[in-house]
Amino acid sequence: MQGDEEPPEPSKPQKIDLDDANAIKHKLDSTACEVVLDAGYIEDHLISNVKIVLGATARLGPTFHL
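Each residue of the sequence shown is one higher than the one before, starting from 25 at the first, in the numbering used here.
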């Protein structure tokens, strides 16, 4: 029966160094990503990929005289 399913057990909180700003940012980003993906949204990397291509073109363009 579908109504008899138990809710998932919450995972143990991970400890991070509060003096390390990069570790805090990484944990916040990964947690936000998990929440959004669990809500049913799909992960799309199109904007990031376009930014990488544009940056590489801007950097390499003068090298190859485009």
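Watch out, some of these pointers could steer you wrong.
Straight-line alpha carbon distances no greater than 27 angstroms define the calculated DSS-like cross-link-like pairs of lysine-lysine that follow [stated by the list, open to error]:
hint: 1; residue 1: K51; residue 2: K36
hint: 2; residue 1: K36; residue 2: K49
hint: 3; residue 1: K75; residue 2: K49
No wet-lab data here; the hints were simulated from the structure.
Here is how each hint holds up against the structure:
1. K51 with K36: holds (14 angstroms)
2. K36 with K49: Roughly 19 angstroms separates the two Cα atoms, so the pair holds.
3. K75 with K49: holds (21 angstroms)
When each numbered hint is compared with the structure, no violation occurs for any of them.
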